[in-house]
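Residue numbers (the numbering used here): 295 to 466.
Please note that a few of the clues may not be correct.
Distance ranges between label pairs, derived from CB positions [stated by the list, open to error]: (1) Pro458 - Glu355: 23 to 33 Å; (2) Glu304 - Val376: 16 to 26 Å; (3) Tyr463 - Thr324: 29 to 39 Å.
In short, the hints are calculated from the structure, not lab data. Beta carbons are placed, not taken as given, at the ideal position from N, Cα and C, and that holds for glycine.
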Amino acid sequence: GELFMEDDDEYYFEYDGNHLVSATHKSTGTETDKVEIASFTWEEVHCCRLIWENGNVIRIEMETDYTLTDADGTHEEYEDNVYDFIYENTRHPARRFEFPIYDLLGLYTVAETALAQLGYYGTGCRNLISRIYKNGQMHARLDYEFYRDGNIACLNADFANYDPCIIEYEYG
Numbered sequence: 295g296e297l298f299m300e301d302d303d304e305y306y307f308e309y310d311g312n313h314l315v316s317a318t319h320k321s322t323g324t325e326t327d328k329v330e331i332a333s334f335t336w337e338e339v340h341c342c343r344l345i346w347e348n349g350n351v352i353r354i355e356m357e358t359d360y361t362l363t364d365a366d367g368t369h370e371e372y373e374d375n376v377y378d379f380i381y382e383n384t385r386h387p388a389r390r391f392e393f394p395i396y397d398l399l400g401l402y403t404v405a406e407t408a409l410a411q412l413g414y415y416g417t418g419c420r421n422l423i424s425r426i427y428k429n430g431q432m433h434a435r436l437d438y439e440f441y442r443d444g445n446i447a448c449l450n451a452d453f454a455n456y457d458p459c460i461i462e463y464e465y466g
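Sequences are here, hints too, so could you generate the full structure?
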């Protein structure tokens with residue numbers, strides 16, 4: 295059917311000095327199928343609390359509330375996840391927020407990820423992430439390739455339950 299969608303996004307950030315310690319993404323919207331003559335509204339609130347130690351995010355505690363209202367009434371879902379980060383001894387050359395942290399914070403669009411790369415969300419981690427655990431289970435292993443000047447050239451993410459991801463970096 296023909297779909298018409300309206301949505302609205304709001305972001306809230308909280309800092310302790312130059313470190314991001316809390317991020318909330320609220321999304322609301324309405325979707326209408328003009329052929330089926332059906333519509334629904336949704337609200338999703340995605341809250342993350344970042345815990346720092348020695349210049350690195352060691353844990354992100356995440357809560358997501360999702361509410362859907364349609365002709366059958368209101369349906370609610372709740373998800374709670376904890377992500378723990380293990381770091382290698384390699385210093386991060388630029389101290390920016392990198393994937394996967396900005397992905398977990400709900401910053402998905404090209405503009406949002408570009409802002410993360412530019413340091414808009416504060417100082418990133420001191421070291422490079424090597425492993426991520428989700429609720430105590432292995433979630434991803436990360437490997438890096440570097441340019442001669444020490445900047446990251448490529449990030450290879452090998453996920454436990456998803457397809458691998460390769461992100462290539464280019465600098466101005």
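These are the hints, each one checked on the structure:
In this structure the hint that Pro458 and Glu355 lie 23 to 33 Å apart at CB holds, the actual value being about 26 Å. For the pair Glu304 and Val376, the beta carbons lie near 24 Å from each other, so the given range of 16 to 26 Å is met. Checking the proposed 29 to 39 Å range against Tyr463 and Thr324 shows it holds: the Cβ atoms sit about 38 Å from each other.
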